[in-house]
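So the sequences go chain by chain: A and B. Take the position in the first sequence, starting the count at 1, then add 216; the result is the number in the numbering used here. Take the position in the second sequence, starting the count at 1, then add 1; the result is the number in the numbering used here.
Derived by calculation from the structure, the hints in this document are not laboratory data. Some hints could be false.
Unchecked claim - As a list, the in silico DMTMM-like pairs of lysine to aspartate or glutamate whose alpha-carbon atoms are at most 25 Å apart:
| hint | chain 1 | residue 1 | chain 2 | residue 2 |
| --- | --- | --- | --- | --- |
| 1 | A | Lys227 | B | Glu199 |
| 2 | A | Lys227 | B | Asp191 |
| 3 | B | Lys42 | A | Asp406 |
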Amino acid sequence: MADAAPRNPWKTATVVGIRPETPRAKTLRLKFEQPVEHMAGQYFIVRLTAPDGYTAQRSYSCASPPDGSNELELTIELLDGGEVSTYLHNVVEAGDELDVRGPIGLWFVWNGDHPACMIGGGSGVVPLMAMLRYARTTGKSDLVRLLVSVRSPADLYYADELPGPETTVIYTRQNPPGVNRASGRLRMTDVPEVADDATVYVCGSPDFCDSVTDLLIGNGVLAERIRVERFGPTGD
Amino acid sequence: MAGFTRGFLGRNKGPRDPRLPPGQYDTGKSWPVLTAEARPKLSTDNWTMKVNGLVERASSWTWEEAHALPPSTYQGAIHCVTTWSKFDMTWNGVSVDTLLEAAGPLPSASYVMATSHTGYTTNLPLDDVTGGKAWVAWEVDGAPLSTSHGGPARLLVPHLYFWKSAKWIASLTLMDHDEPGFWERNGYHDHGDPWREERYQGD
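Take the sequences, apply the hints, and build the full model.
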């Protein structure tokens, strides 16, 4: 054990692209020296180091699908007072180097071999987007259903990619023109049918996850089929 | 490694709180909720806490029986692997020592698997849950522990990263060998000491 290299070492990644998703979310495209193998749904850790050695690190879900390349994308939500997210939003430029570790987590992942029902609230769509993109790039779109809940059209990440036969977007506060569903919180009628062999992936704020999982379980979905990832700065 | 990060100075430039393990920050009043499964609906009416495995007397306590045991308090910090720490908390419950004393660990027992009512598991060396280092806790800062935070009762092992403090605790199973629990199978460290930054497998 003592001589073994760390199985998950810090690596240097170069920022090669920055793309706004919404006014409060940016996607950083990172390039590594070697290909980074990951699974759809996993996350990475970004560590910032000040000249005096002070460090701050946070976890961010990967939004890009496994593709064997040495680039991947993390989408960063700007949190009020967030030390790392504020830096990544306001200071980072293309060409900067960051310390990155990962991928992390073998639970909230989809490997493409069975149906997936994915339900995301706000920034919770990020790891689900990796799963959707993976399904689309491997010809497995028929295995996945994605339901995204956002407050308004301006809060929707990946808006140009989300329309599709396997996706639904609902708006809790403000609908875009042409949407018939009355805006409001997610209801059972919004949830796609969950196949018996599907895994249900729920990601969002703690309140969102609790209300969705309560809804699912109340409608007969077995708790052991549900995998949850909770995002956001605080709970109760 | 990129050395230092261009343009990053760090937000909190006061003296670092010596109670903060490396890589951690003080979350202040907030208390993030992180779980990998649906929040269960548990009633204290049929709640039980069990100690089994390599013990002389497999034991079980109802909610009332657990509350009749000598109470024990932990005052201090908790540390989550996602890098937040929370200070000056007061937890009430029962010491794991009290439960083990009743069950009588066999000499061969050296590890514990903690199992939740949801099926969540986490593994710990027996030495990390004995000697006043671990509790089954049902009250925090003067209020019943909420379901989101693991209520009605959770394991509390505050000297290790908080995924070891299994929410919705149901049992402790004593074993003569180590076995990975839920997060430990999914990439996290078997021990989880925040002062050694034992966050992920391989650390």
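Going down the list of hints, with the structure as the test:
For a cut-off of 25 Å, the pair hint linking A:Lys227 to B:Glu199 stands: about 18 Å separates their Cα positions. Straight-line distance between C-alpha atoms of A:Lys227 and B:Asp191 comes to about 23 Å, which keeps the hinted pair within the 25 Å bound. Of the supplied pair hints, the one linking B:Lys42 and A:Asp406 holds, its CA atoms being roughly 24 Å apart against a limit of 25 Å.
Checked against the numbered hints listed earlier, the structure breaks none of them; every hint is satisfied.
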